[in-house]
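Peer 1: With these hints in hand, go ahead and build the complete structure from the sequences.
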Amino acid sequence: MTGFHRIIKSGLLSFRRNGLVSWAAVLIMTVTLAVVTSLLLLQAVLSFSLEQIKNKVDVTIYFTPGAPEEKILLLKESISKLPEVAEVNYTSAQEAITIFRERHSDDYPTIQALDEINENPLGAYLNVKAKEISQYESIANFMKSDNVLVLGSANIIDKINYYENKSVIERLNNIIKGAKQLGFVITLLLVIISIAVTLNTIRLTIFISREEISIMRLVGASRIRVQGPFMVEGAIYGLAATILTTLLFLPATAWVGRNLTSFLGMNLFQYYTSNLLQIFIIILLSGIILGSVSSLLAVRRYLEK
Amino acid sequence: MIYFNDVSKVYNKDSVGIQNVNLTISSGEFVSIVGHSGAGKTTLIKMILAEDKPTSGTVSFESLDVHKLRGDDLTKLRRRMGVVFQDFKLLPNKTAYENIAFAMEAVGKTNQEIASDVPHVLELVDLASKIFHFPHQLSGGEKQRLAIARAIINQPELIIADEPTGNLDPVSTYDVIQILKKINDLGTTVILTTHNRAVVESVGKRVITMEKGKVVRDDKDGKYVI
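In order, the protein sequence lines correspond to chains A and B.
Our numbering numbers the first residue of the first sequence as 3 and each following residue consecutively.
Our numbering numbers the first residue of the second sequence as -8 and each following residue consecutively.
Think of the hints as simulated: they come from the structure by calculation, not from any bench.
Don't take each hint at face value.
Said to hold, decoys possible - Stretch by stretch, here's where chain A covers chain B in the computed footprint (C-beta under 8 Å, at least three residues):
id: 1; stretch: 69 to 79
id: 2; stretch: 82 to 96
What the hints assert, rightly or not - Derived BS3-like pairs (lysine-lysine); straight-line CA-CA distance at most 25 Å:
id: 3; chain 1: B; residue 1: Lys196; chain 2: A; residue 2: Lys11
id: 4; chain 1: A; residue 1: Lys83; chain 2: A; residue 2: Lys131
id: 5; chain 1: A; residue 1: Lys56; chain 2: A; residue 2: Lys146
id: 6; chain 1: B; residue 1: Lys37; chain 2: B; residue 2: Lys203
id: 7; chain 1: B; residue 1: Lys37; chain 2: B; residue 2: Lys196
id: 8; chain 1: B; residue 1: Lys203; chain 2: B; residue 2: Lys172
id: 9; chain 1: B; residue 1: Lys121; chain 2: A; residue 2: Lys11
id: 10; chain 1: A; residue 1: Lys83; chain 2: A; residue 2: Lys146
id: 11; chain 1: A; residue 1: Lys11; chain 2: B; residue 2: Lys100
Glycine included, every Cβ here is placed at the ideal spot set by N, Cα and C.
Peer 2: Next comes the structure, spelled out in structure tokens:
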């Protein structure tokens, strides 16, 4: 316990006495952690936007006018049971005409034409949302399959708009997949670069102390007594950099929140502040692990000599 | 206590550290190793400290072959020796007090022992007033006295002083040698390397003379003869 206490104390003292060198390492580490935080936020924005796009995609099954409601509801029930389906909304012919009239309330000729027909030209429809964009095809296929024939619904289906939107949906699906993969690759690349930069900075700070390390060994200090304080110092770099990064992102996300909310579709400041604890813990752990492991690796080089 | 058994160190064809050295140093001796620069004095010291490996032959500390020790065992051996270097090798970011405390911590002394022994040893080397000074705030002689204090604090069986007076003025040189003699009088074995004639003659004990990596003279009450 005394040994542990001495290692912590020695690391703290060394951080304080190294002055500028310590703060230079903290600044570099702050850059790394800022990259990590930016990537976390970027991922949030990306998945939020993708979710928004996904929600805009659906498949609508139009029924012929006058199709019996109980048959449609029967079909709705069997579609709801499909594992791929997230939700199914039924809009009756009456509701459809009401929505149509509302939407075209300014379009006098259309409304007048509708009034002249004197009967509802629109059929009911089912709005189907899948859990994943890639699953729309199998839902559309279900509609073509024998199951529907068994239910006796084939003759009441007017059209399914999936076939009209097929190419758009497929393209969107590919874009989303691509965006996710690209996001992952960029994240990985940036994280690797930042880790390499931090690792080298810490190696430089320890290079300055290489003479000290060999003296400690000559005086008869054990490996852990030599490595320990450097690891503590590395962990302090991580802690200080985490605090700096967290504080820096408050005004930064506030600015983004004020100016770019409509562009991003979400308020980044709100997201940042409501997830502050999780983000803080993630970057704190990254910082401490990065700092202490880099120090451990760097000191080991000089311990062997 | 220390046995060199036909030890050679060859760096490359043109550079030979030491050649076929056979030596025995007994407990309680004060041995001065003299010779020009490059005669092999420092290589000899490095062999005892296991800082460097011999090309052939063995070096033993009592019954231990020092070059077969690894990790913890080597650390334990080094704790039985105190070392003083020409360039002091003090920890630059630690005060005089902390430099000595570190050596005590390394061998697992308690905080109470450290608090009571450090001021005492600093007084012994006449540095009581510089207890909270950093090495860069001390003169050459003071740094060397601090290095000696660090070397003796754990009461080692052997003190190795490699050119300890090389960077010092005559007054500081005299102080350092007096301290080493006092340590030897208290029973600790001392190995001193130097090329300072006055130092060797003021000690007046066993002198080993080296030349081109070989031991050329070994006199009991020797003088500096080159």
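Peer 1: Each hint: holds or not?
Peer 2: Right, here's what the structure says about each hint:
1. 69 to 79: Answer holds; 3 residues pass the 8 Å Cβ test.
2. 82 to 96: holds (count 6)
3. B/Lys196 with A/Lys11: Distance ~45 Å between B/Lys196 and A/Lys11 Cα, so the pair is violated.
4. A/Lys83 with A/Lys131: At roughly 13 Å apart (the allowed maximum being 25 Å), A/Lys131 and A/Lys83 satisfy the hint.
5. A/Lys56 with A/Lys146: Holds, at roughly 24 Å.
6. B/Lys37 with B/Lys203: With Cα atoms ~16 Å apart, B/Lys37 and B/Lys203 stay inside 25 Å; holds.
7. B/Lys37 with B/Lys196: holds, 22 Å
8. B/Lys203 with B/Lys172: Not OK: B/Lys203 and B/Lys172 at ~28 Å, beyond 25 Å, violated.
9. B/Lys121 with A/Lys11: holds, 22 Å
10. A/Lys83 with A/Lys146: It holds: about 16 Å lies between the C-alpha atoms, which stays within 25 Å.
11. A/Lys11 with B/Lys100: holds, 16 Å
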